[in-house]
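There are 2 protein chains.
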Amino acid sequence: MTSKIRIGIAGYGNLGRGVQAAIAKNPDMELVGVYTRRDPQDLQLASPAPRFAIADLQQHTGQIDVLILCGGSKSDLPEQGPKYAALYNTVDSFDTHARIPEYFETVDVPAKAAGKTALISSGWDPGMFSINRVYGETLLPDGETYTFWGRGLSQGHSDAVRRVPGVAAGVQYTMPSQEAIDRVRAGERPALGTREKHQRECFVVLEDGADAEAVREAIVTMEHYFDQYDTTVEFIDEQTLAAEHSAMPHGGFVIRSGNTSDAQKQVIEYSLALGSNPEFTSSVLVAYARAVHRMNQAGITGAQTVYDVAPGLLSPKSAAQLRAELL
Amino acid sequence: MTSKIRIGIAGYGNLGRGVQAAIAKNPDMELVGVYTRRDPQDLQLASPAPRFAIADLQQHTGQIDVLILCGGSKSDLPEQGPKYAALYNTVDSFDTHARIPEYFETVDVPAKAAGKTALISSGWDPGMFSINRVYGETLLPDGETYTFWGRGLSQGHSDAVRRVPGVAAGVQYTMPSQEAIDRVRAGERPALGTREKHQRECFVVLEDGADAEAVREAIVTMEHYFDQYDTTVEFIDEQTLAAEHSAMPHGGFVIRSGNTSDAQKQVIEYSLALGSNPEFTSSVLVAYARAVHRMNQAGITGAQTVYDVAPGLLSPKSAAQLRAELL
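Just so you know, the sequences run in chain order A and B. Taking our numbering, the leading residue of the first sequence gets 1, the next gets one more, and so forth. Taking our numbering, the leading residue of the second sequence gets 1001, the next gets one more, and so forth.
So here's chain A without its partners, still in its complex pose:
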């Protein structure tokens, strides 16, 4: 019998919790440790698992097949990615698109030197959406690709709303324009500006005595965040916010429309409707951990992206089984 793939989790926020849930759905894997910067004894886990201080990762190299890095892209991963790729096979969800090439290099060097395999920027965007952008443009080279996000809760824009004076609490949803999607699906290949592709929708709880009209104005004119979009602001009470806006749904569409000849139009569409953005991202990370384990066993080392991973490597099934059952 094959032994299970031993997974470690570095960081236990929404993503770490999601990875723990995803491992439970994959019988060929086991969670061997959750590593935290907090005192491990204080860490409340969703279900029982060994807890360790993150410093213990220096000593546990023989006990983990793949370490999943569940920290954020702004400050955690730029430090942890290169550090742990020198010790473990790793998977992460680095999602600052503009910095991916630079991050790739900083992870590639230590991973290669240590004979480790480090998959960066996995999840759904970057991740599954990126894969579909490449499939789209290679299968229909004469065409246009459109990525739409939402309806989904955006953390960065929600933070921006909450910084406005007079706002006690609030969330922001990104909404794709149905009219724009319909035009793309019809194969029109429209040139779409920022305002035409997405709208932004805010739900705000006001502080006592705050001026609603001033708050609305401050939000919709906020530079970079909202001024380029059509934004609606709805004022609600705290109870409604808790009851109706505590989930983290997201999703979107990657649509490629193109011509294979003058006469023939073709449309490829990939879409996600996610009840929980962090849980789906985590589930992707766990599937890629399986691929990373196999690639390392096959001698493929260094930094990798989803573009380097053949689809069959993600599945617990053998190549022969996939051919017989799913091809």
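FYI, nobody ran anything at the bench for these hints, they're computed from the structure. All C-beta atoms, glycine included, are put in the ideal place defined by N, C-alpha and C. Warning: the hint list may mix true and false statements.
[Unchecked claim] BS3-like mimics (lysine-lysine), calculated; alpha carbons at most 30 Å apart, straight line:
no.	chain 1	residue 1	chain 2	residue 2
1	B	Lys1074	A	Lys25
2	A	Lys74	B	Lys1317
3	A	Lys112	B	Lys1317
4	B	Lys1197	A	Lys4
5	B	Lys1197	A	Lys25
[To be verified] Far from chain B, by Cβ distances over 12 Å, these chain A residues were calculated:
no.	residue
6	Pro48
7	Gly150
8	Ser158
9	Arg185
Position chain B against the provided structure of chain A, taking the given hints into account.
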């Protein structure tokens, strides 16, 4: 400057014509020959290209990087697949799902012996849909996958209809059930029988003196192709066939619905809306020819499927360029 990938086309029906059109959309490729069982001088090409007798493939091994096999799955590919995999890197669209494992073996042996790379069963189903079935079940292991086809004209099933004795000409349309699709998108995970998901609709022109009832019976009972579906057969004249049934639209949906935890539902959907089924299939074959060429250069030989091909290998862009532009 890198030299172009030299492509040969074996068989010049709808698929061969589509491959020629697709090569024209990929500037890193060139068409070096169309090989036919007809007299090459009689072959009318959509645009000029060298024409050869198919027997010439025995002598042209130094002139072609990848040979795209454009014959049918029922009788052409079972003979041509193994034969040409001993001489060339090949790509084909073998689409008799039940026979893929057996076909894989017959191609794998000569390809490995000759150090060639042979990608079988490419296109959209098998092909892109197969990839999405694997992504779906690996990203959401606790879930169900549903594939719906159409409404569309199926080349394989139309060929099968036309081989029935007494049939002069004919086409077959596959029709998905909208009710079934709606239930799947809603995350119901319904148990759907083959018969509940699709119907098949045939339009047939009879040969003079043919027995309509015998033809209908031969079609609706045909193993693998029709016996598991509700199939209607309508007899029409040649003029109606030409006027109303000469386009070749197709498409469909692969939907995975699943849970990442008890509370959280996630839905992944991949869909194709194809103006021309053979042109899209051809476009997929051509993208995979690029990957096959690269895999052979990297020493990966033998039979392969789309599950073995990393997405980045399909693109003319370098890995660094893909990371910077599309990840």
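Against the structure, the hints:
Between lysine 1074/B and lysine 25/A the CA atoms are separated by roughly 40 Å; this puts the pair beyond 30 Å, and the hint is violated. Distance restraint check for lysine 74/A and lysine 1317/B: the Cα-Cα separation of roughly 28 Å lies within the 30 Å cut-off, and the hinted pair is therefore satisfied. Among the hinted pairs, lysine 112/A with lysine 1317/B is consistent with the structure: their alpha-carbon atoms are about 23 Å apart, no more than 30 Å. For the given pair, lysine 1197/B sits about 37 Å from lysine 4/A by alpha-carbon distance, which is inconsistent with the 30 Å threshold.
Pair hint lysine 1197/B plus lysine 25/A holds up; C-alpha atoms about 28 Å apart against a cutoff of 30 Å. Once the 12 Å rule is applied to beta carbons, proline 48/A is consistent with being away from chain B; the minimum gap is 16 Å. With a least CB separation of 15 Å from chain B, glycine 150/A remains clear of the 12 Å interface cut-off, as annotated. Even its closest Cβ contact with chain B, about 19 Å, leaves serine 158/A beyond 12 Å, as expected for a residue assigned away from the interface.
Residue placement check: arginine 185/A does not keep its beta carbon more than 12 Å from all beta carbons of chain B (closest about 7 Å).
Checked against the numbered hints above, the structure violates hints 1, 4 and 9; every other hint is satisfied.
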